[in-house]
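2 protein chains.
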Amino acid sequence: MLIRSVRPWGGELVDVLCVDGVIKQIGPDLVSDDVVDGRGGVLLPAFVDAHAHLDSTRLGLPFRPHTADATLAGLIENDRQNWRSAERSVADRATHTLGRTIAGGATRVRSHAQVDVDSGLEKLFGVLAARAAHADRADVQVVAFPQCGILREQGTVALLEEALRSGADLIGGLDPAGYDRDPVRHLDIVFELASKHQCGVDIHLHDSGSLGAFQVSLICERVAALGMQGQVTISHCFALPGEGLVSLLAEHDVAVTTVAPGNREPLPLRDLRWAGVRVGLGQDGIRDYWSPYGNGDMLDRTWQLAYRNGFRRDSDIEMCVDVATRGGAAVLGVESGLTEGSPADLVVVPGDSVAAAVMDRAPRTLVVHRGRVVAADGELV
Amino acid sequence: MLIRSVRPWGGELVDVLCVDGVIKQIGPDLVSDDVVDGRGGVLLPAFVDAHAHLDSTRLGLPFRPHTADATLAGLIENDRQNWRSAERSVADRATHTLGRTIAGGATRVRSHAQVDVDSGLEKLFGVLAARAAHADRADVQVVAFPQCGILREQGTVALLEEALRSGADLIGGLDPAGYDRDPVRHLDIVFELASKHQCGVDIHLHDSGSLGAFQVSLICERVAALGMQGQVTISHCFALPGEGLVSLLAEHDVAVTTVAPGNREPLPLRDLRWAGVRVGLGQDGIRDYWSPYGNGDMLDRTWQLAYRNGFRRDSDIEMCVDVATRGGAAVLGVESGLTEGSPADLVVVPGDSVAAAVMDRAPRTLVVHRGRVVAADGELV
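The listed protein sequences correspond, in order, to chains C and V.
For reference, each letter of the first sequence is one residue, going 3 to 383 in the working numbering.
For reference, each letter of the second sequence is one residue, going 3 to 383 in the working numbering.
Misleading hints may appear alongside valid ones.
Sample of chain C residues with no beta-carbon within 12 Å of chain V, all distances over it, derived [said to hold, decoys possible]:
hint	residue
1	Q231
2	P263
3	L307
4	Y309
5	V356
Examples of chain C residues lying across from chain V (beta carbon under 8 Å, computed) [what the hints assert, rightly or not]:
hint	residue
6	W11
7	P67
8	R167
9	D190
10	P294
11	G312
12	R314
13	P352
14	S355
15	A357
16	M361
17	P365
Read the hints as simulated data drawn from the structure, not as lab findings.
Every residue gets a Cβ at the ideal spot worked out from N, C-alpha and C, and that includes glycine.
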């Protein structure tokens, strides 16, 4: 397939030939029988949603007033009280929102799926169903995520293990100290499961300050002991910047993801990237029982990352795009790029430049996954 | 004119009859020869952009990389070096962006117009031309704004005075201490001009901490001395919250506006409103030499205010809408409301509820100014 008339990273107008799911050739006036028109848009690597919660989304359903108090425990309880009464199944909801995410230009997604004694594996199966429904349009990693803690309710560990046997790709965790009250025991269980099932780890860490930093160091100790460099992600990681934490993460090749929250301090993006820490961007919950925000659009989230950081210079805004594309790919351990040989997972965005595309947030002209158009003009094909 | 099928503030479906520019009747099954369809959308008072810079906008022109350093002086100098080379005149640019602002649902706007020895009154005249071009669609207040300070360049005071004689409605100011280096002299000039020309005051105050608080108190002293309660606005007001400042503002009926900046602390909205301080929301610069952000959409800016504050509850998101509508109207000293007798300056937004409308940010179904439709489905009529 030939993508005619695009500007890679906002540069010169070229054509891009994709063969067997990779970029074969980039240049002017290429020819092919199978041509799609990029209409002069900015060509970017496809977005990567490195941190989603597809299992809880209510996007596309009637808007529901937010009913939780502001604590983590209150949010958890609010979800537990309400998710079963959703108008549609987890699978339907996750499938819809994953579709919107793909239409927005993200073809690689890492979604957490809540595993707890209330919902069992029902939410996991919903996310797996969404993944199957969009198998030709996106690659989805699923995290078995103990949203209600591991130690608080009897039976969670067995469920997490069952989740890993049932299709989850990674094992998750949640505030081992602040929420689950025993960081060592929590982390030992997480890393034991990772080791046993030879899978990656992606831990939610909202704990900040020295308690958060302590847990980052506990995680890194386990990474070193198990040789899991490159396989562990800390999501949110509000402990950053924190004395020495950036270099600790870099040393152990532990990745971080952010969802560009509105009222928490932004991650020190430049320092992290300068140190070589992989940083990805995610949507988090998408209009769900946790929050009314989110719309499936990773370009909108990229704008949010730039805005929250107060970035005005094009190079800084481009850094945000890099976080949302190649950065997330590095977190997920998948290839991404705009050179010959890169996977043909691409998005074409209208705009004068990369920064302009972020500011305009126009519907995506084309979304390409494995060399095939999967969405055009903001809608799935 | 009858607006059929709308839900005032997200409530029950009704019709709204507008006569002579005011809401005459609200109820089910009203009749009129002149009917427009609200399609069941949420009816809100029209948005008020309480703080815009229409003179600098480049919306609709080719995107221009940001070239300023991050200091106020650097931003000022960058604008001065570049604004004359814009592809279109100030009037054309301001007219375009004011049109987009109206199409987004704002029919009352307060725009600053830079007055300095470099540009003279050229920017003011551009904004006045935009106001004239949209005179039937929106009411625009114009502030004679000494963007480059009052004391730094000889001749500025005379220009400000000429601006007030030439159509500017209010006198502005800029960081009397932090930028202009002499808060008392700066403020004395501003309030003398206000007193002489019997006009309101709207001062940019980025100075924060105790220096900012000191200037708030200097402003309030002058408000008291001149009996200017209700006629003075402090824009940005980063000195807030600050010990005792909220009650000082309330006591002197000094209003504040915010532009919901991404990397400055949000204003203490609840405290301010609880104390009775008038608070408005504005777009600030709109894709200009100062910043690439802004798109003319006050609903998008309302979302930004909610997001930056971390608001999730519907009541908090509705408070942001109230700031962006009735709050701004109170700052500008104009009427606003959704009851019989309120001015028929209204906007219809698709959405299940007020909070949902903010989250969806869909194109406005209808925008009504003085009882006439001035925009529909996101475009000017």
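Do the hints match the structure? See the list:
| no. | hint | in the structure |
| --- | --- | --- |
| 1 | Q231 | holds, 33 Å |
| 2 | P263 | violated, 7 Å |
| 3 | L307 | violated, 10 Å |
| 4 | Y309 | violated, 4 Å |
| 5 | V356 | violated, 10 Å |
| 6 | W11 | violated, 14 Å |
| 7 | P67 | holds, 5 Å |
| 8 | R167 | violated, 35 Å |
| 9 | D190 | violated, 33 Å |
| 10 | P294 | holds, 5 Å |
| 11 | G312 | holds, 3 Å |
| 12 | R314 | holds, 5 Å |
| 13 | P352 | violated, 11 Å |
| 14 | S355 | holds, 6 Å |
| 15 | A357 | holds, 6 Å |
| 16 | M361 | holds, 5 Å |
| 17 | P365 | violated, 13 Å |
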